[in-house]
Amino acid sequence: MTYIRPQFRHPALPKNDLGYTSKEYEGALSTLCAGCGHDSISGSIIQACYELSIAPHRIAKLSGIGCSSKTPTYFLGNSHGFNSVHGRMPSVATGANMANRDLVYLGVSGDGDTASIGMGQFVHAIRRNLNMLYIVMNNGCYGLTKGQDSATADEGSKSKAGSVNPFQPIDLAGLALELGATFVAQSFSGDKEQLVPLIKEGLSHNGFAFINVISPCVTFNNNPGSTKSYDYVREHLEASPAPDFVPTKKEIKTRYASGTGTDIRMHDGTSIRLEKMAHDRNPYSRLEAMNALQNSRNKNEILTGLLFVQPVSDDLHQTIQSSDKPLNSLGKDVLCPGSSTLATINADLR
Amino acid sequence: MKPTDIKDPEYFHKVVDCQYACPAHTPVPEYIRLIAEGKYSEAYMVNWESNVFPGILGRTCDRPCEPACRRGRIEEEPVAICRLKRVAADNKDDVKAYMPKIPSKGNGKKVALIGGGPSALTVARDLAPLGYEIHLYDDQNAGGGMMRSQIPSFRLPTDVLNEEVNYILDMGVHTHFNTYVSSLQEILDKGYDAVFIGTGAPRGRNIDLPGRKEAAANVHIGIEWLASVAFEHTSKIGKKVIVLGGGNTAMDCCRTSRRLGGEEVKVLVRSPFAEMKASPWEKEDALHEDIPILDNHVPKSFIVKQGKLVGMTFDKVHAVYDNKGKRSLVSTNEPEVFVEADDVLVAIGQQNSFPWIEQSTDVKFDEWGMPVVDKLTHQSSNANVFFGGDAAFGPKNVITAVAQGHQAAISIDLHCQEKDLTQRPAPFTNLVSQKMGIHEWSYDNDVVNDLRFAVPHADKKVYLSDRKVEVELGFDVQTAVKEAQRCLNCDVQTVFEANRCIECDACVDICPTSCITFTVNSEEEELRPRLKVPAINITQDLYVSTSLPTARVMVKDEDVCLHCGLCAERCPTSAWDMQQFLYNVTKAG
Ligand SMILES: Cc1cc2nc3c(=O)[nH]c(=O)nc-3n(C[C@H](O)[C@H](O)[C@H](O)COP(=O)(O)OP(=O)(O)OC[C@H]3O[C@@H](n4cnc5c(N)ncnc54)[C@H](O)[C@@H]3O)c2cc1C
Ligand SMILES: Cc1ncc(C[n+]2csc(CCOP(=O)(O)OP(=O)(O)O)c2C)c(N)n1
Ligand code: SF4
Ligand code: SF4
Ligand code: SF4
Ligand SMILES: [Mg+2]
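In order, the protein sequence lines correspond to chains A and B.
For the first sequence, our numbering gives the first residue as 8, with consecutive numbering after it.
For the second sequence, our numbering gives the first residue as 2, with consecutive numbering after it.
Please keep in mind that the hints were generated in silico from the structure rather than gathered at the bench.
As the structure is a prediction and not an experimental result, all values here were calculated from the model.
Wrong hints could be hidden among the right ones.
[Stated by the list, open to error] In silico DSSO-like pairs for lysine-lysine, Cα to Cα no more than 27 Å straight-line:
id, chain 1, residue 1, chain 2, residue 2
1, B, 533, A, 22
2, B, 533, A, 30
3, B, 15, B, 588
4, B, 111, B, 376
[As the list claims (entries may be wrong)] Pairwise CB distance ranges (calculated):
id, chain 1, residue 1, chain 2, residue 2, range
5, A, 175, B, 540, 38 to 46 Å
6, A, 25, B, 328, 36 to 44 Å
7, A, 243, B, 443, 39 to 47 Å
8, A, 245, B, 426, 57 to 65 Å
9, B, 12, A, 22, 48 to 56 Å
10, B, 452, A, 22, 20 to 28 Å
11, A, 243, B, 500, 21 to 29 Å
12, A, 24, B, 443, 38 to 46 Å
13, B, 433, A, 289, 58 to 66 Å
14, A, 162, B, 501, 50 to 58 Å
15, A, 301, B, 443, 31 to 39 Å
16, B, 73, A, 243, 29 to 37 Å
17, A, 238, B, 281, 49 to 57 Å
In this text, a Cβ means the ideal position worked out from N, Cα and C, and glycines have one as well.
Given the sequences, and given the hints that come with them, work out the whole structure.
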């Protein structure tokens with residue numbers, strides 16, 4: 008009769024370094040279709056933030072419009088949130104980030120929200136290396152408006168109604184690599200073991216981190232012939248090295264014989280361990296990542312995992328040398344230094 | 002692990018913790034739901050079918066179901082299962098019409114019951130409707146056994162007892178009250194097709210200490226004294242009373258003393274308070290009646306002055322445990338403690354005694370003087386003689402006596418038909434989907450946050466001045482409904498169908514208590530710590546599916562499942578369904 012989530016949790020739920028259980032990272036009960044891949048990604052976000060022991064009030068979650076963009080309601084209920092206009096999440100994120108660099112920025116978008124209406128915004132956020140994690144929940148359709156093909160739908164993919172998509176897809180991960188994103192990963196909503204560490208890495212990365220997550224729409228795009236269905240994606244996954252996030256405080260233990268694992272040191276001292284890194288793959292090489300991505304596309308495979316990372320880069324704040332303190336922590340005299348300062352500036356520009 | 006066989010009725014039975022723990026396997030959640038719906042007579046009959054004495058047990062049961070209740074593992078207190086049973090009994094309509102019909106023509110078989118306690122009455126209740134001619138012998142003047150002689154009226158009013166005893170006696174049972182059976186041989190010689198012995202554990206243990214003889218006039222054996230109060234032979238006790246012992250009998254003795262003139266009543270017990278045998282609620286009630294419980298006191302002697310008892314001395318001890326956890330009580334070497342007393346009640350245990358069973362009967366006894374009785378069939382070494390209740394395996398409680406009565410009745414019925422006694426009837430089970438529509442179930446799946454409600458008590462002044470005034474008033478109907486809502490409906494099972502699952506994880510994400518994990522299979526010991534929340538409660542089973550397309554299995558830890566149905570609501574393919582599981586122990590016939 009009800010659709011109310013009980014208040015009780017497992018009495019033995021573990022606590023993180025802040026003393027919180029994962030319950031403190033939950034949001035409202037999802038209203039998406041039962042079985043939606045987006046809900047799984049929400050679950051991974053909750054798990055990642057809990058494991059990273061980020062205080063919930065230190066996170067700002069931002070989104071556009073779409074089923075995917077609705078998900079911030081369903082996770083991190085104790086964090087800041089902004090549900091913007093369709094495709095406009097990047098500019099709101101940019102503004103927020105400029106005003107307060109101390110928060111952790113998590114942008115959530117859909118393939119429609121990003122690859123169609125928001126494309127112009129998306130590419131500039133990458134270009135500026137805005138310090139945020141940008142997650143696209145990619146289901147190849149406009150879920151919220153009843154499943155029209157989106158710009159990421161594969162050519163030849165069949166819709167639920169039986170029509171075949173005649174257009175080339177936009178490869179968002181490839182685009183991010185091309186535009187100079189400093190962290191690019193791809194994953195699958197149904198693979199939490201891979202996705203949770205990727206989200207942790209993306210949140211810890213300084214600069215623009217992008218994760219394209221294939222996320223089946225159970226209602227409108229899970230039919231035979233669709234290339235974004237659970238079955239199709241599972242059959243065509245090509246998982247690259249499974250990453251393992253190692254926080255700063257913990258000593259890095261090699262679980263594999265020397266030479267088979269690769270550690271990637273992040274700017275904050277944490278590191279990512281790539282298990283059994285393939286001999287021919289170098290996570291620091293943008294070119295190799297682009298090649299690998301293209302190769303798997305040619306084989307109709309979906310390459311997942313961490314594709315590329317540039318651990319050290321200048322983010323937007325560093326590039327434009329903006330205030331190193333959040334604006335809300337500055338006094339009125341600093342924020343508005345008065346007419347004599349304005350006069351000096353104007354004089355300089357004469 | 003092997004995939005779970007949910008066709009085995011014991012798998013889901015075990016998930017219904019309360020019912021599984023109940024010796025008679027009463028379908029608890031079933032009757033709790035009926036109470037919430039205001040269907041008290043139906044709730045009463047569900048109980049009556051299983052445990053025969055809902056009104057009595059709803060006041061006095063030892064409630065093994067409550068420590069087992071799943072609710073107690075997700076918050077502080079279990080559901081007040083026992084006191085809800087009383088609500089059904091208190092609020093029911095006339096239920097006589099629902100009672101089994103007694104055939105006008107008998108089946109030609111005669112059965113003698115020795116003892117009129119709950120075990121024997123249960124045998125009568127199960128066999129009379131099948132046409133057996135039942136003869137019940139008891140040395141008391143009415144039926145009920147220790148429920149009448151021992152359990153005080155302030156816990157169990159006589160009219161409640163009479164009503165439920167009479168439902169059975171009214172089935173045409175031939176009663177022989179005030180008849181002490183002094184020879185089993187004589188009974189056997191009467192040619193009964195079977196004899197059931199339910200004579201209980203009628204002897205109270207004595208204590209042998211210096212001064213015991215001299216003090217005899219003021220030292221009473223607890224259960225004898227309680228019986229003599231119940232039958233109105235005793236109506237007074239001294240102002241200062243010592244009760245020796247830490248079990249429920251001690252609690253009844255001290256509380257009864259308070260009502261018969263005892264002003265300074267003290268319980269002195271050898272063991273530490275926490276290890277006393279009495280149920281926590283019985284101790285609480287005693288403390289509430291201003292009865293101090295002095296633990297770690299070992300009795301040393303009775304002190305008699307001018308031929309009259311004046312008190313007792315005690316040695317103070319503390320508990321020491323060896324590395325195997327075995328306890329010994331070691332003297333603290335403090336000076337002996339003297340406690341004043343006009344009367345002493347000795348409540349340090351009960352014993353069986355069968356002086357009336359002759360060797361000629363072929364009923365054999367073991368080295369401890371207990372009859373040799375088959376645990377399953379209750380048959381003794383004489384194939385015609387069956388034992389049940391406290392007489393069979395030592396003093397326990399009413400609900401155990403009832404459960405054993407049911408089993409003995411099955412055996413007697415099989416025996417009279419010359420069938421194999423070890424072929425026990427299978428339980429009746431039923432599994433029905435509760436789905437009504439999207440987000441709609443035919444049970445109330447909302448999990449409330451209310452903490453356990455307390456049962457209101459009568460006014461202390463009033464009940465302490467009259468031993469027949471019942472202390473507990475029982476839940477009013479409004480509170481009962483709220484308490485009933487605390488039940489998690491553990492009989493509404495989560496049933497998983499592996500071939501429907503698309504492994505979308507929705508159930509994993511939604512489950513509030515992290516019960517579900519999809520993972521690679523392995524042996525149980527290796528699997529338990531690997532689950533979403535490690536499954537450390539090994540008394541609770543893991544529900545394991547067959548292999549899924551990704552070569553993983555679904556593993557559900559039953560431990561703290563709220564039976565909220567969210568997994569089934571979230572599942573896009575209905576791989577999960579909520580199905581109500583009914584399990585009824587089959588009775589004789
Ligand atoms: C003080 C006290 C309080 C208790 N409180 C509770 C409680 O709150 N809840 C609970 O569940 N249990 C309680 N018990 C235990 C419970 O009363 C017994 O476990 C239960 O009654 C046992 O039932 P039974 O069928 O074995 O026989 P009993 O109830 O022991 O009845 C046996 C009957 O047989 C009669 N009898 C014995 N020998 C003969 C003979 N040779 N001929 C004829 N008749 C004979 C006895 O007089 C008696 O009437 C209490 C026990 C005591 C002593
Ligand atoms: C400016 C504007 N244009 C169009 C819409 C209609 N609209 C709502 S959601 C949506 C597409 C969402 O697709 P996507 O981002 O992939 O999200 P999904 O629902 O698939 O997760 C569209 C076109 C809108 N809300 N606002
Ligand atoms: S919650 Fe209800 S069904 Fe579950 S064990 Fe407790 S009383 Fe029984
Ligand atoms: S009914 Fe399902 S969702 Fe609810 S607690 Fe049990 S397993 Fe979890
Ligand atoms: S919600 Fe249903 S389909 Fe999805 S993983 Fe759970 S059981 Fe399988
Ligand atoms: Mg979409």
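Here's how the hints hold up against the structure:
For the proposed pair residue 533 (chain B) and residue 22 (chain A), the alpha carbon gap of about 13 Å is at most 27 Å, so the pair holds. In summary, the hint linking residue 533 (chain B) to residue 30 (chain A) is supported, as the alpha carbons are separated by about 14 Å, within the 27 Å threshold. Distance restraint check for residue 15 (chain B) and residue 588 (chain B): the Cα-Cα separation of roughly 20 Å lies within the 27 Å cut-off, and the hinted pair is therefore satisfied. For a cut-off of 27 Å, the pair hint linking residue 111 (chain B) to residue 376 (chain B) stands: about 24 Å separates their Cα positions.
A hinted range of 38 to 46 Å is violated for the C-beta pair residue 175 (chain A) and residue 540 (chain B), which are about 59 Å apart. For residue 25 (chain A) paired with residue 328 (chain B), a C-beta distance near 42 Å keeps the hint of 36 to 44 Å intact. Checking the proposed 39 to 47 Å range against residue 243 (chain A) and residue 443 (chain B) shows it holds: the Cβ atoms sit about 42 Å from each other. Checked against the given bound of 57 to 65 Å, the beta carbons of residue 245 (chain A) and residue 426 (chain B), roughly 58 Å apart, stay inside it.
Evaluation of the 48 to 56 Å hint for residue 12 (chain B) and residue 22 (chain A) yields a failure: the beta carbon distance comes to about 33 Å. Checked against the given bound of 20 to 28 Å, the beta carbons of residue 452 (chain B) and residue 22 (chain A), roughly 23 Å apart, stay inside it. Residue 243 (chain A) and residue 500 (chain B) have their C-beta atoms about 23 Å apart, which keeps the hinted 21 to 29 Å range intact. Between residue 24 (chain A) and residue 443 (chain B) the CB atoms are about 45 Å apart, so this pair conforms to the stated range of 38 to 46 Å.
The hinted range of 58 to 66 Å is satisfied by residue 433 (chain B) and residue 289 (chain A), whose Cβ atoms lie roughly 60 Å apart. A hinted range of 50 to 58 Å for the beta carbons of residue 162 (chain A) and residue 501 (chain B) is inconsistent with their spacing of about 32 Å. Restraint check, residue 301 (chain A) to residue 443 (chain B): a C-beta distance of roughly 55 Å breaks the suggested window 31 to 39 Å. Distance hint check for residue 73 (chain B) and residue 243 (chain A): the Cβ-Cβ separation is about 48 Å, which falls outside the suggested range of 29 to 37 Å.
About 56 Å separates the C-beta atoms of residue 238 (chain A) and residue 281 (chain B), a value consistent with the hinted range of 49 to 57 Å.
Figure legend: structure checked against the earlier numbered hints; hints not met, in rising order: 5, 9, 14, 15, 16.
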